[in-house]
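Colleague: Chain residues, written in single-letter form:
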Amino acid sequence: MTDPLLIWSYLESGPLLWLTATLVAYWIGDRIFRLSNGKPWFNPVLLSVIVLGGLLLATGTPYETYFEGAQFVHFMLGPATVSLALPLHANLRRVRKAALPMALALLAGSRTAVVSALGLAWLLGADFGLLASLAPKSATAPVAIGISEKLGGDPSMTAVLVLMTGMIGAIAVTPMLNALGLRDWRGRGFATGVAAHGVGTARALQVHPTAGAFAGIGMGMNAVLTGLIAPLVLQLFR
Amino acid sequence: MPAIVSGIIVLLLFQLCGEVVSRIFALPLPGPVLAMVALVIGMALSERLLALVRPVASFLLQNLSLLFVPVGVGAVARLSDLSAHALAIGVSLIGSTLLAICVGALTFEHVARLTGNIDEEDEA
Numbered sequence: 000m001t002d003p004l005l006i007w008s009y010l011e012s013g014p015l016l017w018l019t020a021t022l023v024a025y026w027i028g029d030r031i032f033r034l035s036n037g038k039p040w041f042n043p044v045l046l047s048v049i050v051l052g053g054l055l056l057a058t059g060t061p062y063e064t065y066f067e068g069a070q071f072v073h074f075m076l077g078p079a080t081v082s083l084a085l086p087l088h089a090n091l092r093r094v095r096k097a098a099l100p101m102a103l104a105l106l107a108g109s110r111t112a113v114v115s116a117l118g119l120a121w122l123l124g125a126d127f128g129l130l131a132s133l134a135p136k137s138a139t140a141p142v143a144i145g146i147s148e149k150l151g152g153d154p155s156m157t158a159v160l161v162l163m164t165g166m167i168g169a170i171a172v173t174p175m176l177n178a179l180g181l182r183d184w185r186g187r188g189f190a191t192g193v194a195a196h197g198v199g200t201a202r203a204l205q206v207h208p209t210a211g212a213f214a215g216i217g218m219g220m221n222a223v224l225t226g227l228i229a230p231l232v233l234q235l236f237r
Numbered sequence: 000m001p002a003i004v005s006g007i008i009v010l011l012l013f014q015l016c017g018e019v020v021s022r023i024f025a026l027p028l029p030g031p032v033l034a035m036v037a038l039v040i041g042m043a044l045s046e047r048l049l050a051l052v053r054p055v056a057s058f059l060l061q062n063l064s065l066l067f068v069p070v071g072v073g074a075v076a077r078l079s080d081l082s083a084h085a086l087a088i089g090v091s092l093i094g095s096t097l098l099a100i101c102v103g104a105l106t107f108e109h110v111a112r113l114t115g116n117i118d119e120e121d122e123a
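Here the protein sequences come in this chain order: Z and E.
The opening residue of the first sequence carries number 0 in numbering that gives the first Met the number 0; numbering runs sequentially from there.
The opening residue of the second sequence carries number 0 in numbering that gives the first Met the number 0; numbering runs sequentially from there.
Isolated chain Z, as found in the complex:
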């Protein structure tokens, strides 16, 4: 029999192991999410991240090694973003009709996200580097990373903060907006996309097709607006 260490070093050197692990972890996370009848705190992204993070720590595997396998999954984010055209097209008439409430909700939501994130972190003693990494965290990851670089932040830290923002939004949105008694799926989805980008949009698609379509638009619009707002607000904390 071959030495197990040799097999491990073979697996470690290729993308097969961690690509498979990513899909299996997600399958487990999604099963738990479904078994819980879609309870928001059993968020499949969060569960998969916990499973995989535990595995990486337990095996002493560096993130770079993991990402060599996981990059194939990561790559599909681009085509998936393009695919948001599908629900958008199906709801085009309703989207055009809701242009005014969307524009005002975008301005209010986007500004609230940046100002409150920087204000709270500044009060709790965050340095300028962290503030710059934090400022674009409600925008979708590729945009946020670009903004963070321009502002003097740490792009890989921003990617993590963006994901955490999305997970927080995805977990909190349903109980919170139910408690507020908001019943318009358009506004619920749109605000989620603005504040919690793609992860929030994925959650909105699970909850209601209308919310999903409007979340996709919110995400796209805030990708543009954050690029304008984040540098202006960050100036206040310099």
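A portion of the hints provided could be inaccurate.
Said to hold, decoys possible - Covered stretches of chain E, as calculated for chain Z (at least 3 residues, CB under 8 Å):
id, stretch
1, 2 to 12
2, 68 to 77
3, 87 to 100
4, 110 to 118
Claimed, not checked - SDA-like mimics (lysine to any residue), calculated; alpha carbons at most 20 Å apart, straight line:
id, chain 1, residue 1, chain 2, residue 2
5, Z, 96, E, 115
6, Z, 149, Z, 237
7, Z, 96, E, 117
8, Z, 38, Z, 181
9, Z, 149, E, 28
10, Z, 38, E, 62
11, Z, 149, Z, 224
12, Z, 96, E, 36
13, Z, 96, E, 40
14, Z, 149, E, 18
15, Z, 149, E, 25
16, Z, 149, Z, 232
17, Z, 96, Z, 182
18, Z, 96, E, 105
19, Z, 149, E, 26
20, Z, 96, E, 110
21, Z, 38, E, 61
22, Z, 96, E, 109
23, Z, 38, Z, 182
24, Z, 149, E, 22
25, Z, 96, E, 39
26, Z, 96, E, 113
27, Z, 96, E, 43
28, Z, 38, Z, 26
29, Z, 96, E, 114
30, Z, 149, E, 24
31, Z, 38, E, 93
Think of the hints as simulated: they come from the structure by calculation, not from any bench.
C-beta: ideal position from N, C-alpha, C; glycine also.
With chain Z's structure known, arrange chain E on it following the hints.
Modeller: Quick look at chain E alone, frame taken from chain Z:
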């Protein structure tokens, strides 16, 4: 040619054009978002394009959460930075995200009600 392959080709070609245009004109919009807008226009113009893209796009959107897992695992690589500023990061992310969703959804609903902009198709 299998329908899935032509669907993937359409998505990738749109994304490719989006990335190129975004870089040529140094636009603040990322390539895939530009491509999304272009594809909506394309779908409105051509039923055939819509039919080509629909199976792959539905499949990707049904599994959208999966695609965020690799970046999410990156948190493990930054565990020491995150825990060094745990309080500031935790309070800031939770507070601002919840506040922004509430403010956005409340604004939308109030403006929609004030202007009589009611969604006829469904109500929660």
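Colleague: For each hint given before, does the structure comply? Return the numbers of the non-compliant ones in rising order.
Modeller: none
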